[in-house]
Amino acid sequence: MKDIALPMSEKTARALSLGECLTVSGMLFTGRSRFHIRAVEEDLYPPIDYKKINCFFHVGPVMKDTPDGWEVVSCEPTSSIRFERYGAEVVRKFRLRTLIGKTTMGAGTAAALRETGGVYLSKIGLSGNTLRGQIKKVHNVFFLDDLGKTEATWIYEVEKFGPFFVAIDAQGRNYFAELAADAARKLPAIERKLGISPDYNYTEVDAK
Amino acid sequence: MITRKTLEEAMYAAMRTASLEMPPDVRAALERALAEEPEEMARQHLEISLRNADLAHQGEGLVCADTGFPLYFVKAGSRTVIEGGYGTLWQAEATATARATQDCYLRPTMVDPLRRSNPGNNLGPGMPKLELQFAGDNDGLEIIAVPKGGGSEIFGTFYRMLFPSDGVTGIKKFVLECIMNSCYAGKICPPALIGVGLGGTADLCMSLAKKAALLRPIGRHNPDPMIADLEAELLAASRELGLGPMGSRGINAVLAVNIDTALTHTAALPVAFNAQCLVGRRWTALIASDNTYTLTGEIA
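Quick mapping for you: the protein sequence lines, in order, are chains X and V.
Going by my numbering, the residue at position 178 of the first sequence is 178; the numbering climbs one at a time, nothing skipped.
Going by my numbering, the residue at position 108 of the second sequence is 108; the numbering climbs one at a time, nothing skipped.
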């Protein structure tokens, strides 16, 4: 399996194919809804060098404060589609080339990634405890006091972090959109089997 | 008399264990799914998830880091006596939940819906949630702790007021639509446990769906053969969509369709849908009147 150095180069990103499995090594930052909302609506974001720390990991980790510093208890990638309203703007604002999260994002983010030459990587299975062991160092945390441990931005150094699969490639193709189209094609036959006729409609109670 | 201290200990232990252990029936079902899935990606989703649960069991993390909504389902017998009265249950669940959060078995995930402020301990209006039920002639307590993950709750909750003229066809169509919608791109973390409520008021209907998804062991069917047939038919239909673990190409988007019913208005046919994710977290503490308690992953 390929291990890719972070920050990911445009050339590397553009060479990745949809569905390909890989790991990443280097620096990344975390965030969820609050990161997206604040970065876009309030222009408020952690003061880091986004050229160097260019991989955005969608996660709300379980963090433990110990005498030796912060310990990652578990870090399960979270549903990225929730951030779609702000996804494209965040990718463009920070010129992001690597997003890591759970399963998928929408057409807007895919278009922004095509522009920056970036990819969206999805988790495989529940992997929060495996990923925890691949975080070599917790470098920093931003906005801990106002956002709390779950929504704060953590800076992690990771090594062979993953595996993940390419769910949106740098050409903007989406792994799940293609699967959903297949499922939609199967639906009429399944409905027929269940005795649902093609012209079935729910009872209309707003008749005009 | 069951003391407050016992309640706090047992609730804490049940919630902690629910965060660390995958219930045995859920694991067995995921292993069956793994043996069945033909696609490599579908198998990988399952293998990695099972390994993740093994790591949690060994003290290397949690079954899932999204410990979600802290829920307690409590069943008391007709002769159960609690120190300070039944109100103690709510005090004990608050203490147990705050402690489990402090010890990092629960993530501080509960926030104010408008201000988005985080109390840091999962305590506040309505949370943790405790449901009390009375059943049987005994003097003990059954407490099922459920850390209910966000994905399955956020993307796997639907309600529709159907009408008698929609018939069973309407129910099937609605449930199938919900499965498609929620399993797309693995939103509810499939293979999912699907609960469906039929009848009642809107809140009762959703409560039936939620408990059918969260509390019914895999392989147990509704005792009414007509409902059991509907469960089997919908499960079979879900397997033909071509959707599998985490929304990948596969067979097992759904492990079980569990339906429960209540009487409803003669003019109405309410249907509720609520999903539980692949780890199906729940753990039971059984408290006896002598203040001993046992923990079990089995559902009575």
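Just so you know, the hints here were simulated from the structure itself, not pulled from any lab data.
Keep in mind the model is a prediction, meaning the values are calculated, not measured.
Just so it is clear, CB atoms sit at the ideal spot from N, CA and C, and this is done for glycine as well.
Treat the hints with care, since some could be wrong.
[Said to hold, decoys possible] Not the full set, but computed from the structure, chain V residues with beta-carbon under 8 Å of chain X:
1. 27
2. 28
3. 32
4. 44
5. 45
6. 48
7. 64
8. 69
9. 124
10. 151
11. 162
12. 185
13. 228
14. 229
15. 246
16. 247
[To be verified] Covered stretches of chain X (chain V as the covering partner; in silico rule of three or more C-beta atoms under 8 Å from a C-beta of chain V):
17. 11-19
18. 72-83
19. 97-105
20. 141-153
21. 185-191
[Claimed, not checked] Ranges between beta-carbon positions, derived for each pair:
22. 201(X) - 113(V): 56 to 64 Å
23. 49(X) - 268(V): 54 to 62 Å
24. 228(V) - 140(X): 51 to 59 Å
25. 232(V) - 200(X): 20 to 28 Å
26. 294(V) - 43(X): 53 to 61 Å
27. 91(V) - 193(X): 15 to 23 Å
28. 93(X) - 113(V): 50 to 58 Å
29. 3(X) - 38(V): 24 to 32 Å
30. 263(V) - 186(X): 49 to 57 Å
31. 226(V) - 5(X): 57 to 65 Å
32. 124(V) - 93(X): 32 to 40 Å
33. 91(V) - 140(X): 32 to 40 Å
Any of the earlier hints contradicted here, and which numbers?
Failing hints, ascending: 1, 2, 3, 8, 9, 13, 14, 17, 22, 27, 28, 30.
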